[in-house]
Structure formats: structure tokens, C-alpha cells
Amino acid sequence: MKKSILYLLLSCAFLPACDNSDDTVFEETADARLNAALASYEKQLIEAPYGWNAVIYPGGGGTYGFHFKFDDKNRVTMYSDFSAESAAKSKESSYRLKAVQTPVLIFDTYSYLHILADPDREVNGGDVGEGLQSDFEFSIFPDSVKAESITLVGRKNNSRLVLTKATQAQATAYAAGDLADGVLFNNITKYQAYFKRVTLGNVTYEITLSPRTRTIKLTWLDGSIPKTFTTNYYFTSAGVSFVSPLVNGSQTINGFTNITWNANAVQVGITASGLKGTVVSAIKPLSVDLAAARRWWQDPIESGGYWESGTGFHVNGVDDALKVQDLKVGEATFYSYIYQPAADGSIDLFGPIFYENEGVTLFYGHGPGRPTFTSDGRIVFEQVATYGVLPTTGPAVESAKLLFETSGHYLIQTSETTYDMVSAKDAKSWISWQ
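Read in order, the letters of the sequence shown correspond to residues -19 to -1, 1 to 415 in mature numbering (1 follows the signal peptide of the UniProt record, and there is no 0).
Mixed in with the good hints, there may be bad ones.
[Claimed, not checked] Only pairs whose alpha carbons sit at most 25 Å apart, straight line, appear in this in silico SDA-like list of lysine to any residue:
# : residue 1 : residue 2
1 : Lys79     : Tyr31
2 : Lys409    : Val341
3 : Lys79     : Ser125
4 : Lys54     : Glu103
5 : Lys409    : Ser327
6 : Lys382    : Asp357
No wet-lab data here; the hints were simulated from the structure.
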């Protein structure tokens, strides 16, 4: 490096016309160029006549759909597919564009976007102190700004936010509540039985939904051979949109449209690939993953971890049916249920852990022995020990009754890091582990 600099200086000394003027490559200062870029981006946001459709990919995984309409008074009106309420009712908040090394779009008052980043797990079901690892401040890079779309990157968690210009029909649909109609698809979680199927043409698909990770898995049989497809999903004014399409022969499924909900029959209707279908219940998997139960049990042993559930068992269409979130020990409040294989040698641990002194504590739990893995893919638990002083009644006792049901459970892998453990008795109770 020193040689290069010296050569440059010497060569300038011997050239008859080295230019020592203050002229620069750019006619404007860096600040002026940055301010011009900010003004240009704001103009583009504001002048989209029907607003922007948006998809955010939080750093913690998943996908969420939004619709934004920016105005010239630093206000933005939005819809979000996070919940039925945020899909049906618009919310206004403020935004601003600011120079922070790069141009940054900041949503600077609490909005639907902030729900994903909220550190309180009771708000979004995410991790304590981190939420869903999403963002509300986004850097804008020139190469990612197109006439019809803008891709932004979160400044803290590297969430990706993709804006696409909306059409008049889409803006009208959001205002009419069509996003909320699409979110009706979530009502399949109200079915009493875990397993749900829909027949489209001559193919029957089993639908496995993971709202926490926003993943959907479709399973079908090609003759006798099971096939699976998994992708992230989000909601739009048209229905459910898949991040990646499913291509199965002549069927290409980009998502589900024309979502209907019959509350009396507890049935969701959909259209996919131009074919109408009704989602119905089943009490066992279309195809059993025979290795899933053993894989679920073995993975934490190899990694030194445990499985966690923030809501305990879902029973007969009701989340947290046993009210484990109401558990307390003195001033310590419920944090989550855990299952730790080989927690004490040949004894596993199943029980609640609690917030205490800014940490988590186990006060009591049930001790299953090494589980039995049946040839048809079930896992069967039997209690051999206890930890601490167990309550004699209440959510912990009822949770253990479901775990130790003699029919056992099927393990359904819903993503790379999540499983659902489903009662093999009638599929009407299950617990989601992450």
C-alpha cells in the first residue's frame, strides 16, 4: 500500500498538468444527494394511487401480509393479516424517511407492523424479549427500488419487506374487508379433529397448518407413495397466498381463494387451481411418518435442549383448553410447558416452567420413562417418576392425563423446528412443540 501511494505522488510530481483543483466527480454534496433520494422515495410511496401491497419476512421466520397507503402528511393507513381484527379494521400511524447512513423508512408510532416486533410474547406468541424478530425501521437501497416494487431490509433483525403497487381493485377489496374473509381460513384450527383434508379434482390433500411459523404442509398419495409440499403462506384480499407454488401434475396451486366459513357445520370452503373443495376432518394421518416420533424424541438429546409449548394442549377446537397459562406458584407466573427427553438419565421431564426473578424455574413436573415407539408410528408415554410436589388437581394434572393416554400420539413435523403431538385416540387433542 505504501509503495502504491508513493508512486502516485511521484507520478503527479513529474506530470506537467496534474490537476490540483477542488472539482469533484459529483456536482452536489453527499448530503444533497441523500436528501434528493429521500424526497424521491417519499414521492414514490405517496404517489402510488392505490397504495402498496406488502409482505414482510421477519428475521424469526414466517410471512405476513399488509396493505399500506402513505400520504404527504407523514401518515400511513394499513391493514394486516396478523389477526381477524387487523384484517378488517384499518389503523393509521405515522412514518418518516430519514438519512441514517442510508435512506431509512421508519414507522415511528405503534402500528400493526409493531405487533410483530413487540417483545411481549402475549402480544404475538413470539420469544420473550424478541417477539417474532421483526422490524419497523427499514433501510432502502437504490438497486432494490423499481417502478412497481420496493424491497427494504430491517435495520435490527434483517426482516425483508417487499412493497408492490396495488391495483384499484385490490385497494377496494381491502377497504371492503376481503382480507378478513381470507383470514377465515384460520378457522380450520377450530375443527375438533387435528387432521384436515380437501379433495381437489381427483387428488386428496391433507392440510397441516402452523400459524406460529406461517407454514402450510400439503400431503397426498401418488399411488401408495406419500408426497409432501411445505411453504410459507400469508393472506391477501384474494385469500391465502403461497410463497412457493405447489405443482402436482396438471395442478398448480398458488394458494386458496374464495374462502368461506360455515360456523354451524364447522367447515371451511376453498378454491384452488380452479377447483372447489371443502375441508373435512379425519382422525388419523393420510400417511404416517413412521420415523417422526423417534426423531422428535431424539433431537433434543443430541442438541442438549428441550421442547417448549406456550399454550399446552388444544382440545376439542379450543386453544389452551386446560388453562395452563393461568398457572402460578406464589408470585411466579407461567412461562411455558416443556418436554425434555432424558432429563434425568432414563427419565424424561414433562411440566410447566415459571417466570421467577427475571429467569425461569421448574417447581414440579411428571417423569415419563423412555417412551415406546410403535411400528405404526405412534409414541406411547408411561409415568415412572415425579419432580417436586405436584398439584392434586388443575391444569398440570389434566395435561399429564392427556400425555399418558394409553393410545399414544402421532408426531407431525410442521416445519424444520416444530412438531405437533396429536392424540391417536381420536385426534381431538394435541400440543404444538417448538
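Verification of the hints:
A distance of roughly 24 Å separates the Cα atoms of Lys79 and Tyr31; the hinted pair therefore holds under the 25 Å criterion. A distance of roughly 31 Å separates the Cα atoms of Lys409 and Val341; the hinted pair therefore is violated under the 25 Å criterion. Proximity of Lys79 to Ser125 is assessed by CA-CA distance (about 17 Å); at most 25 Å being required, the pair is judged to hold. At roughly 33 Å between alpha-carbon atoms, Lys54 and Glu103 are farther apart than 25 Å, so this suggested pair is violated.
Distance check on the hinted pair: Lys409 and Ser327 sit about 30 Å apart at the alpha-carbon level, beyond 25 Å; violated. Distance check on the hinted pair: Lys382 and Asp357 sit about 22 Å apart at the alpha-carbon level, within 25 Å; holds.
In terms of the numbered hints stated before, the structure departs from hints 2, 4 and 5, listed from lowest to highest.
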